[in-house]
Amino acid sequence: MARVNFTANLQRHLSCPQAEAAGTTVREVLDNLFAENPRARSYVLDDQAALRRHMTIFIDGRTIRDRVHLSDAVAEMSSIHVLQALSGG
Amino acid sequence: MTDKRRSDRVLGDRLLVSTRKGLFTIERGGSRWDIAKVDFLGDNVTLTLADRRDGRCYAALDHGHFGVKLHRSAGDGWEEIAAPAYPPKPEGHEETDMWGRPLAWSTARIWALQGGGDDQPGVLWCGTLPGGLFRSTDHGASWQLCRSLWDEPKRRQWNGGGADLPGIHSVCVDPTQSHRVWIAVSTGGIWFTEDSGETWQPRGNGLRAEYVPPELTHEPNAQDVHCLVQCAAAPERMWVQHHNGIFVSSDHGRTFAEISDAAPSGFGFPVVVHPREPDTAWFVPEIKDEKRIPRDGRLVVSRTRDGGKSFELLSDGLPQTHAYDVVYRHALAIDASGDRLAFGSTTGGLWVSENQGDRWSMVSHTLPPVYAVTFG
Numbered sequence: 054m055a056r057v058n059f060t061a062n063l064q065r066h067l068s069c070p071q072a073e074a075a076g077t078t079v080r081e082v083l084d085n086l087f088a089e090n091p092r093a094r095s096y097v098l099d100d101q102a103a104l105r106r107h108m109t110i111f112i113d114g115r116t117i118r119d120r121v122h123l124s125d126a127v128a129e130m131s132s133i134h135v136l137q138a139l140s141g142g
Numbered sequence: 321m322t323d324k325r326r327s328d329r330v331l332g333d334r335l336l337v338s339t340r341k342g343l344f345t346i347e348r349g350g351s352r353w354d355i356a357k358v359d360f361l362g363d364n365v366t367l368t369l370a371d372r373r374d375g376r377c378y379a380a381l382d383h384g385h386f387g388v389k390l391h392r393s394a395g396d397g398w399e400e401i402a403a404p405a406y407p408p409k410p411e412g413h414e415e416t417d418m419w420g421r422p423l424a425w426s427t428a429r430i431w432a433l434q435g436g437g438d439d440q441p442g443v444l445w446c447g448t449l450p451g452g453l454f455r456s457t458d459h460g461a462s463w464q465l466c467r468s469l470w471d472e473p474k475r476r477q478w479n480g481g482g483a484d485l486p487g488i489h490s491v492c493v494d495p496t497q498s499h500r501v502w503i504a505v506s507t508g509g510i511w512f513t514e515d516s517g518e519t520w521q522p523r524g525n526g527l528r529a530e531y532v533p534p535e536l537t538h539e540p541n542a543q544d545v546h547c548l549v550q551c552a553a554a555p556e557r558m559w560v561q562h563h564n565g566i567f568v569s570s571d572h573g574r575t576f577a578e579i580s581d582a583a584p585s586g587f588g589f590p591v592v593v594h595p596r597e598p599d600t601a602w603f604v605p606e607i608k609d610e611k612r613i614p615r616d617g618r619l620v621v622s623r624t625r626d627g628g629k630s631f632e633l634l635s636d637g638l639p640q641t642h643a644y645d646v647v648y649r650h651a652l653a654i655d656a657s658g659d660r661l662a663f664g665s666t667t668g669g670l671w672v673s674e675n676q677g678d679r680w681s682m683v684s685h686t687l688p689p690v691y692a693v694t695f696g
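For the record, the sequence lines run as chains A and B.
Sequential numbering of the first sequence, starting at 54, is according to the working numbering.
Sequential numbering of the second sequence, starting at 321, is according to the working numbering.
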């Protein structure tokens, strides 16, 4: 199963610990994760289930390309990081 | 909150101030108003509703990268509840904003929160950017997009006013017939339903937009209404602070008359109306419209008591030199008595009056930028 890490900035708003989830695409992995942690879903995905504008996801060190359908492939032992841009003031 | 606890708190003795860096609760003790507590410190609280029907409070937060969230309190701490969310965009559906960019069916801001009628416990209305109106029947536990308005062809002509996206910022529920609701859009004019949102009609004949081509000047759907309010005791009376002026209606918003000589300016964002005196309303005028600062660095509130025939400028207790406070559309509030008013500014000032604006007391001038103020 893929291992998923969420940005520490997200932990300030809700519990989002490192987790393992099955799936062959980012969408499948996240759907499985959010089934266990439904509140986290809207923090990462928008109303259309696309990746939020300033969020990004790395699979084994590469940013995903399909931010809408999240179809990028995930391997059995992939390491996934869900991160966000830093800005504000 | 129990009925007993609610009754312990005198209505109008508490202010909820939504700011860029948290929700500030201001309470009156003796003759002073002081900060009693801060919730969501550091987070962007854009709007708060204190529902006078049951004492529940609702706070809208914008976490930026993480999206718009909604929290509810019954007096014993906050819990995150569902935020209004748009339904899946149909496959193949193409829609662009005024800039030609794809319009995302996704809540970009909660810009209006309003309780339903006294006969509708648990009913809430929520206006959003990019222009969707939502309704809840369960105290915000779930929300339904009002499809009849979202699917209205003229909705796609709405434009961004202060923001890139169009948004619904005002919701008025008729205090005598709660199935009658008016909303106002920046920019998209005023829309009215008399069947709780099943069907909608444009309102606002007489509104005038001076920033559009001449053939659209009086088009109701092109009007940039900044704020719409309704007198509780005389719901036929509605006041509009518009992008280029002040307008008043005496027929439930069917027609409006322009107040053309409001001093020192007809430009501003908020308006409030006295709950029992329909001819009495307050505004915060600014230099229109590219500058958006108080004239001559003097912060004033204007008040009419005669339906807009004349205005008094209220400045006692307000800064009169080098004041550059801007007061947003939800940042001027009046309580149920009609005597107390409060407003907050973009530069962190907060003032309260207990005599209809004749005299103001500063609560703080070091708050974060203030987005919204409400009694409750």
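Among these hints, one or two may not hold up.
To be verified - If you want the ones that stay clear, here's a sample from chain A, every Cβ over 12 Å from chain B, calculated:
(1) A74
(2) T78
(3) S95
(4) D99
(5) D100
(6) M108
(7) R118
As the list claims (entries may be wrong) - Some but not every residue of chain B turned toward chain A, in silico, with C-beta under 8 Å:
(8) W398
(9) A405
(10) S657
It is worth saying that the hints were derived from the structure and are not from the lab.
Glycine included, each C-beta is placed from N, C-alpha and C at the ideal position.
Now the hints, each set against the structure:
Against the 12 Å criterion, A74(A) stays outside the reach of chain B, whose nearest CB is about 20 Å from its own CB. Remark: the non-interface label on T78(A) is consistent with the geometry, its nearest Cβ contact in chain B lying 18 Å away (cut-off 12 Å). With a cut of 12 Å on Cβ distances, S95(A) falls inside the contact zone with chain B, its closest approach being about 6 Å. With a cut of 12 Å on Cβ distances, D99(A) falls inside the contact zone with chain B, its closest approach being about 4 Å.
With a cut of 12 Å on Cβ distances, D100(A) falls inside the contact zone with chain B, its closest approach being about 4 Å. The Cβ of M108(A) does not lie farther than 12 Å from every Cβ of chain B; its closest approach is about 6 Å, which violates its non-interface assignment. The claim that R118(A) lies off the interface holds: its Cβ sits roughly 18 Å from the closest Cβ of chain B, which is beyond the 12 Å cut-off. The interface hint given for W398(B) is violated, since its Cβ lies 12 Å from the closest Cβ of chain A, which is over the 8 Å cut-off.
Satisfaction of the interface hint for A405(B) is found here, the shortest Cβ-Cβ separation to chain A being roughly 4 Å, below the 8 Å cut-off. Interface restraint check for S657(B): the shortest CB-CB distance to chain A comes to about 38 Å, outside 8 Å, so the restraint is violated.
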